[in-house]
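**Student:** Just so you know, the sequences run in chain order X and H.
Heads up: the first sequence runs through residues 1 to 394, numbered per the numbering used here.
Heads up: the second sequence runs through residues 1001 to 1336, numbered per the numbering used here.
Just so you know, the hints here were simulated from the structure itself, not pulled from any lab data.
Some hints here could point you the wrong way.
[Stated by the list, open to error] Covered stretches of chain X (chain H as the covering partner; in silico rule of three or more C-beta atoms under 8 angstroms from a C-beta of chain H):
| no. | region |
| --- | --- |
| 1 | 121-135 |
| 2 | 139-148 |
| 3 | 187-198 |
| 4 | 307-318 |
| 5 | 359-371 |
[Claimed, not checked] Pairs of lysine-lysine residues, derived as DSS-like cross-links and limited to a Cα-Cα distance of at most 30 angstroms, are as follows:
| no. | chain 1 | residue 1 | chain 2 | residue 2 |
| --- | --- | --- | --- | --- |
| 6 | X | 131 | X | 310 |
| 7 | X | 29 | H | 1142 |
| 8 | X | 29 | X | 58 |
| 9 | X | 29 | H | 1022 |
| 10 | X | 182 | H | 1142 |
| 11 | X | 170 | X | 119 |
| 12 | H | 1313 | X | 29 |
| 13 | X | 29 | H | 1259 |
| 14 | X | 58 | H | 1299 |
| 15 | H | 1268 | X | 21 |
| 16 | H | 1295 | X | 25 |
| 17 | H | 1268 | H | 1065 |
| 18 | H | 1303 | X | 29 |
| 19 | H | 1313 | X | 58 |
| 20 | X | 25 | H | 1065 |
| 21 | H | 1114 | H | 1268 |
| 22 | H | 1295 | X | 58 |
The structure displayed is predicted, hence computed values, not measured ones.
The beta carbon of each residue, even a glycine, is placed where N, CA and C say it ideally should be.
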Amino acid sequence: MATEILMPALSPTMEEGTLAKWLVKEGDKVSSGDIMCEIETDKATMEFEAVDEGVIGKILIQEGTEGVKVNTAIAVLLEEGEDASAADSVSSDAPAAAPAPQAAAQSKPAEAKAPAAPKTDTTPDWPEGTKLKQQTVREALRDAMAEEMRRDENVFLMGEEVAEYQGAYKISQGLLDEFGAKRVIDTPITEHGFAGIGVGAAFGGLRPIVEFMTWNFAMQAIDHILNSAAKTLYMSGGQMGAPMVFRGPNGAAARVGAQHSQDYAAWYMQIPGLKVAMPYSASDAKGLMKSAIRDPNPVVFLENEIMYGKSFDVPDVEDYTVPFGKARIWREGSDVTIVSFGIGMTYALEAAEKLAAEGIDAEVIDLRTLRPMDTASTIKSVMKTNRCVTVEEG
Amino acid sequence: MAAKKPTKKTNASAEELQAYYKDMLLIRRFEEKAGQLYGMGLIGGFCHLYIGQEAVVVGLEATTKEGDSRITTYRDHGHMLACGMNPDGVMAELTGREGGYSRGKGGSMHMFSKEKKFYGGHGIVGANVPLGAGVAFADKYKGNDNVTFTYFGDGAANQGQVYETFNMAALWKLPMIFVIENNQYAMGTSQQRSTSSAEIWERGKAFGIPGEAVDGMDVLAVKDAGERAVKHARSGDGPYILEIKTYRYRGHSMSDPAKYRTREEVQKMRDERDPIEQVRNILLENKYATEDDLKAIDKEIKKIVNDSAEFAKISPEPAPEELWTDIYATEVPQEA
């Protein structure tokens, strides 16, 4: 059966082109891979190869013709033994239009109403009467990792100086002794490489915790955090992803230069596929870290060197977790809402104290996670105070 | 277009040779069809064809066992077909349809199969190398004897993260095979113009990783080398490098006119070194198959490919709402 040879699209944007030159003539035999003609696009001259075997029955578009639209028949290919007259009755291999997805049922836009106050989860992080202990953020992070490593043997920690040195900032103190070198792994100084290996290990079914000595150094690894970890679930249609935690100190520390001081909160919170946590208190550091390790998505966990040594109340319970996407109201007030997260909370709470001395009643909200972000708590607060101040370093 | 090179003696059985012929032909015909669908506007974006390189992946897949993993770059259609993924699902992903392996969200460069342990399909040159090492790391951690084939090109071999990975893979004795598919051109830049060493595999020596160069147009040579590599990696001796010298007949992508090499260079390779013709000649000369047997295989392959194209045309496009799904998982998307 004779078939039409169609003008090909030779780039993602090509709509038409020039049929520059025929390299075959009517009556020539062609087989797949033979170059039939040259086609000029706006970018280049391309060779167009035959896909099927046959004989050129008729050339429909002469060489030198400009503006030939994609999918126009340019020649007719006959099957071997077929008469040239068959060229007049061809079957078109023109593409069938893709079946359009069902249009979503049109729904009338809802009547505009005054917005109701959003619903928020205001349950306290721990019930009244819970036994508390004082702990530093450093100890809380270590305990969270240790508890999760006891709970799931697929959880492991890798990074520079995390094992024998006990952590550059001593966050992993004692973990090597308890879990051994198989699960607490010192890496060479090679952020790009070990971040990639961590993502691959997550693809392979493990639950890695990848420590960066600071998030500034993770700039060498940002390709794997975004392109490999955050995007794979989508690109695989939900088949596989990277359930893992990238963690380390973020933002300005004391008396260090620009290459050790950047706050990446605003960067990572823009990335679909990532979750981002930036705790302030030790109880949140612990509860959010445990949630991060269990989360089926890649989590960017932004700590702060200055906060590592600060002490807070931490519930002395067996399995304390804090959910992502739930802000904490540290102080209720009616005059102004101050929203912050991470070390910014230090300034927010200090400011609220000073304002109180001046008779101004500030409400202070700690977002705790930036992606997902609990915007409802802020909106609800601002509906009460009508004023909002945000505090962040990045 | 008969291969002029005299065929050599082989210990391979008729069944084995027929299987290689069939697997390579499936890739060749599938890719030609993909090129055709691209020309018809049915495949959008970029599309990188594997034509000419078929012996690499077919030879290596012949050395794998159940449980082994593979990961590659964006020139990935051949790898998926060779590891047994369904041609319908691959072609439908090329056309961006619901029936595709990534349900239309990955396209030519990004397909995955949990079932076949095919970890993609990656568009960032070099990035799949540490990812492959991570998959191998997971196998070692779990204590099984699986190995991971990590494929990348001569172009990717100049990325720094490849050498970061060589270092850690050697240090931690990861059970993996680095497969450098050297098709001589990193897009339009020849190896000579981009790479300081003539033998890329020798760079492994600096890390204590053994390796070898392999004739990538000869499926039997690829399989032999693959067996040495797999034996090394599976026995716990760490990684192995195979630099497989191959050639792509088509441009880097569909929109590459390939002006950086002569038409004669390509034609000479096709005429004298074609991997499929080589096996075809061995089959005929040894009377392992008749012309009619091979015609029957051709016909069977043609039907598989045409059916996949048909499926890829009729499978519906994903609904617009799908843009918002699979961004976050609610449960762990793979067995832990």
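**Student:** Now look at each hint and say whether the structure bears it out.
**Tutor:** Each hint tested on the structure:
Counting residues of the region 121-135 of chain X whose C-beta lies closer than 8 angstroms to any C-beta of chain H gives 0; at least three are required, and the coverage claim is violated. For the region 139-148 of chain X, the proposed coverage by chain H is not satisfied: 0 residues have a C-beta within less than 8 angstroms of a C-beta in that chain, short of the threshold of three. For the region 187-198 of chain X, the stated coverage by chain H is satisfied: 10 residues place a CB nearer than 8 angstroms to a CB of that chain, which reaches the threshold of 3. Here the region 307-318 of chain X counts 0 residues with a CB under 8 angstroms from a CB of chain H, which misses the bar of 3, and the coverage is violated.
Against chain H, the region 359-371 of chain X contributes 0 residues with a C-beta closer than 8 angstroms to a partner C-beta. That does not satisfy the three-residue criterion, and the hint is violated. As the CA atoms of residue 131/X and residue 310/X are separated by approximately 20 angstroms, the hinted pair is consistent with the 30 angstroms bound. For the proposed pair residue 29/X and residue 1142/H, the alpha carbon gap of about 57 angstroms is over 30 angstroms, so the pair is violated. Restraint check: the Cα-Cα separation between residue 29/X and residue 58/X comes to about 12 angstroms, which is no more than 30 angstroms; the hinted pair holds.
With a C-alpha separation of about 25 angstroms, the suggested pairing of residue 29/X with residue 1022/H holds against the 30 angstroms cut-off. Of the supplied pair hints, the one linking residue 182/X and residue 1142/H holds, its CA atoms being roughly 11 angstroms apart against a limit of 30 angstroms. A hinted pair counts as satisfied when its Cα atoms are at most 30 angstroms apart, and residue 170/X with residue 119/X does not qualify at roughly 40 angstroms. Proposed proximity of residue 1313/H and residue 29/X is supported: the alpha carbons are some 29 angstroms apart, at most 30 angstroms.
Distance restraint check for residue 29/X and residue 1259/H: the Cα-Cα separation of roughly 26 angstroms lies within the 30 angstroms cut-off, and the hinted pair is therefore satisfied. Between the alpha carbons of residue 58/X and residue 1299/H the distance comes to roughly 26 angstroms, so the proposed pair stays at or under 30 angstroms and holds. With a C-alpha separation of about 23 angstroms, the suggested pairing of residue 1268/H with residue 21/X holds against the 30 angstroms cut-off. About 28 angstroms separates the Cα atoms of residue 1295/H and residue 25/X, which keeps this hinted pair within 30 angstroms; it holds.
Pair hint residue 1268/H plus residue 1065/H does not hold up; C-alpha atoms about 36 angstroms apart against a cutoff of 30 angstroms. The suggested pairing of residue 1303/H with residue 29/X holds, with an alpha-carbon distance near 22 angstroms, which does not exceed 30 angstroms. Restraint check: the Cα-Cα separation between residue 1313/H and residue 58/X comes to about 27 angstroms, which is no more than 30 angstroms; the hinted pair holds. Restraint check for residue 25/X and residue 1065/H: the C-alpha separation of about 50 angstroms exceeds 30 angstroms, so the hint is violated.
Restraint check: the Cα-Cα separation between residue 1114/H and residue 1268/H comes to about 39 angstroms, which exceeds 30 angstroms; the hinted pair is violated. Among the hinted pairs, residue 1295/H with residue 58/X is consistent with the structure: their alpha-carbon atoms are about 28 angstroms apart, no more than 30 angstroms.
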